[in-house]
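These protein sequences, in sequence, are chains A and B.
This note's numbering numbers the first residue of the first sequence as 717 and each following residue consecutively.
This note's numbering numbers the first residue of the second sequence as 717 and each following residue consecutively.
These are calculated hints, taken from the structure and not from any lab test.
One should not assume that every hint holds.
The list treats identical chains as interchangeable, and a pair is accepted whether it falls inside one copy or across any two copies.
Calculated cross-link-like contacts (lysine to any residue; reagent style SDA-like; alpha-carbon spacing at most 20 Å) [said to hold, decoys possible]:
| no. | residue 1 | residue 2 |
| --- | --- | --- |
| 1 | Lys-797 | Arg-825 |
| 2 | Lys-797 | Pro-847 |
| 3 | Lys-804 | Phe-917 |
| 4 | Lys-1072 | Ser-884 |
| 5 | Lys-1072 | Gly-865 |
| 6 | Lys-797 | Arg-808 |
| 7 | Lys-898 | Ser-929 |
| 8 | Lys-797 | Ser-758 |
| 9 | Lys-1072 | Ala-885 |
| 10 | Lys-920 | Ser-884 |
| 11 | Lys-1038 | Asp-908 |
| 12 | Lys-1072 | Arg-866 |
| 13 | Lys-898 | Gly-972 |
Quick caveat: nothing in here was measured; it's all calculated off a predicted structure.
2 protein chains.
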Amino acid sequence: MKRALAFVLLTLLPLPALGQATGDLGLVIERATGSLLLIDRSDRAALGRIEGLGDLSHASMTYSPDERFAYVFGRDGGLSKVDLIDRKVVARTLQAGNSIGGAISDDGRLVAVSNYEPGGVKVFDAETLAPVADIPAAGKTIGLVDLPGRRFAWTVWDTGEVFVGDFSAPAPQVTMIGNAGKNPFDAVLTADAHTYLVGLFGEKGVTAFDLWSDAPQPEKFLTDYGKTGEDMPVYKMPHLQGWAFTEGQFALPAVGRHEVLWVDSETHAERGTTPVHGQPVFIIAQPASPYVWVNFATPLNDTVQVIDSRDHSVVATLTPGKAILHMEFAPRGAEVWISSRDDNKVLIYDTRSREKLAEIAAQSPSGIFFTARAHQPGL
Amino acid sequence: MKRALAFVLLTLLPLPALGQATGDLGLVIERATGSLLLIDRSDRAALGRIEGLGDLSHASMTYSPDERFAYVFGRDGGLSKVDLIDRKVVARTLQAGNSIGGAISDDGRLVAVSNYEPGGVKVFDAETLAPVADIPAAGKTIGLVDLPGRRFAWTVWDTGEVFVGDFSAPAPQVTMIGNAGKNPFDAVLTADAHTYLVGLFGEKGVTAFDLWSDAPQPEKFLTDYGKTGEDMPVYKMPHLQGWAFTEGQFALPAVGRHEVLWVDSETHAERGTTPVHGQPVFIIAQPASPYVWVNFATPLNDTVQVIDSRDHSVVATLTPGKAILHMEFAPRGAEVWISSRDDNKVLIYDTRSREKLAEIAAQSPSGIFFTARAHQPGL
């Protein structure tokens, strides 16, 4: 019997994840293998791999308010719920043919997914992934974000229409709040949930909606912003999720040009331009600092530049590795974690010295997502 | 043998704290009993009580980056390390005669405490609470905050001197960066770690230091701000930790007056005044909204007011209970948790409807601290 007891003790006790606090965890998308790497920020280490996520060649995720679960949106239309404590996929639904992103409601009860095929937005119970609402649209939906009060906003590529959906009552209320313009390619919400910014591809300009207003109106600015026929080809559509908001400015990636544009966040007047190494993909503010970090589209994607938002000057140019796809900051800004896809590594840099501190093996890493995102509106 | 196995399974499995995600946890200071109430934001519930914290009649806390540990600073000079997973005090040191607050370094390795008796700052290893550095001062230290790069800033009440301590190398480097003025009573750091604001008691005015600058200079503003001989007595010194930063403004509690003052965060020019119910204690921005919530000093402390930062108007006046001591928002703003000391309750309000959703029994609750604070500079 002693042997039996010892066996039980051995099989029960060494579960790796007992008593795991979740504040410094994160997940790295391994795009080629459809897997996630669970990472620990304090230990600068990988804790394990979670597999079976489907096609993650273009994927993003959001976290439950308790940081226990990640909701992963895959290119194949798969919505997967991943348990960070038990380190496995606990629910998965192929909810569309092609999805491009999603969001979780501020109370953590609903997960919304924006889809390309078919278009529209689907809303799921965050606990079970049971369908709750299916909002059709006249085309592909982009720029889906969470708003306070169990609401979401999204935009339709084909029509330019912007919607706010309120899911606080049993019957959802969906309102068209205005037209952003021709072929909006992405949209983003400022951290204070005040301004919803929509980038246009079919015409020049960016359109802002004041979501604190009871009747938001589209306000177009930077009307010489965008792709022109003369420009270089656009190698990669920049992500507006990577727009930085710093020092009363928006830092925008110029579409198809080697430039970062600075716009006053109150007046929407242009404040300056920074010539950079390539076509910007992500422009991300280093927390608790005046700096933004920028990565670039292929074939210039071995480089990262750091820009001072006060004078718009490039203060550092780093070449951390091959195919730099994403950067994620420790929430108080001490470190930045950088995915180098073709080196199969995540690189950890000190933001003060801008020296490499450590690296972690990963399979074709792309997006890096720390759990602190659970506490930020619009992420 | 089956019975023995069943016994082992029963004793091993139901440990209460296994697999606890920590993102939606919090602690409430129970000031009269020296205890902490562990709370779960998603379940709107108390999970348990942790005792033996000493004198918590004036106390605050900060969290480790992984959200597993809280460091509690008590009035008796006690520094206690509390494990949220195992729900107990795991280390405690009586490090001074009277401490008033502290901070944790951005990498989570060091905890600093600011003391009244004796003055100065003591720094401890966050793992063991072993002493690391003892920085004497010419008086009581106030306004201790963490800065990026394993640094802290603090101010000395008796001399007005402001210091930055850099603990990134083995030997700490402490630099006096300037003099704030006569008898600074508290100081606070903006969320972007840009501006360190020092409120003065011995003279009128507020002093700002630009901590992004290599050589910060004191810049005094609002020089008609502060206590005058003609004013009402100051029933409770306002907390600058409760200063709100919203819409490009600082919202400041008028010392001794029934007013909230609005100051432009760039120019430091006064933008307006809001007459309010009493002497403001905490002025806290509701995340993802234009609103700030204000509570008041005794004897008018049964009331909470909500002010719109756009036009400075009071949009709601609530009387949630007796002796409202603190308010803490869910990090994405859906709810506010309010401690009502003399009702022995924590009240949970929906921020959109401003209706009460639930309440939780607590013994003389004062400060409420959600773990999401782990990810904010200066908290």
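Hint check:
1. In the homo-oligomer, the alpha carbons of Lys-797 and Arg-825 lie at most 20 Å apart inside one protomer (13 Å), although the nearest pairing across protomers, at 33 Å, exceeds that limit.
2. Proximity of Lys-797 and Pro-847 under a CA criterion of 20 Å is satisfied intra-copy only: 14 Å inside one chain copy versus 43 Å between copies.
3. For a Cα distance limit of 20 Å, the shortest separation of Lys-804 from Phe-917 qualifies neither inside one copy, at 39 Å, nor across copies, at 56 Å.
4. Proximity of Lys-1072 and Ser-884 under a CA criterion of 20 Å is satisfied inter-copy only: 16 Å between copies versus 46 Å inside one chain copy.
5. In this assembly of identical chains, Lys-1072 and Gly-865 lie within 20 Å of each other by CA distance solely across copies; the values are 15 Å between and 41 Å within a copy.
6. When the C-alpha separation of Lys-797 and Arg-808 is checked against a cutoff of 20 Å, the pair qualifies only within one copy, where the shortest distance is 6 Å, while the shortest distance between copies is 39 Å.
7. In this assembly of identical chains, Lys-898 and Ser-929 lie within 20 Å of each other by CA distance neither inside one copy nor across copies; the values are 23 Å within and 43 Å between.
8. Taking identical chains as interchangeable, the C-alpha atoms of Lys-797 and Ser-758 lie at most 20 Å apart only when they sit on different chains, with a minimum of 18 Å there against 24 Å within one chain.
9. Proximity of Lys-1072 to Ala-885 under the C-alpha cut-off of 20 Å is restricted to the inter-copy arrangement: shortest distance 17 Å between copies versus 49 Å within a copy.
10. Taking the shortest Cα distances, Lys-920 and Ser-884 never come within 20 Å of each other, neither inside one copy (36 Å) nor across copies (47 Å).
11. In this assembly of identical chains, Lys-1038 and Asp-908 lie within 20 Å of each other by CA distance neither inside one copy nor across copies; the values are 35 Å within and 31 Å between.
12. Within a single copy, Lys-1072 and Arg-866 get their C-alpha atoms only as close as 41 Å, which misses the 20 Å cut-off; across copies the closest is 17 Å, which meets it.
13. Taking the shortest Cα distances, Lys-898 and Gly-972 sit within 20 Å of each other inside one copy (17 Å), while across copies they are farther apart (55 Å).
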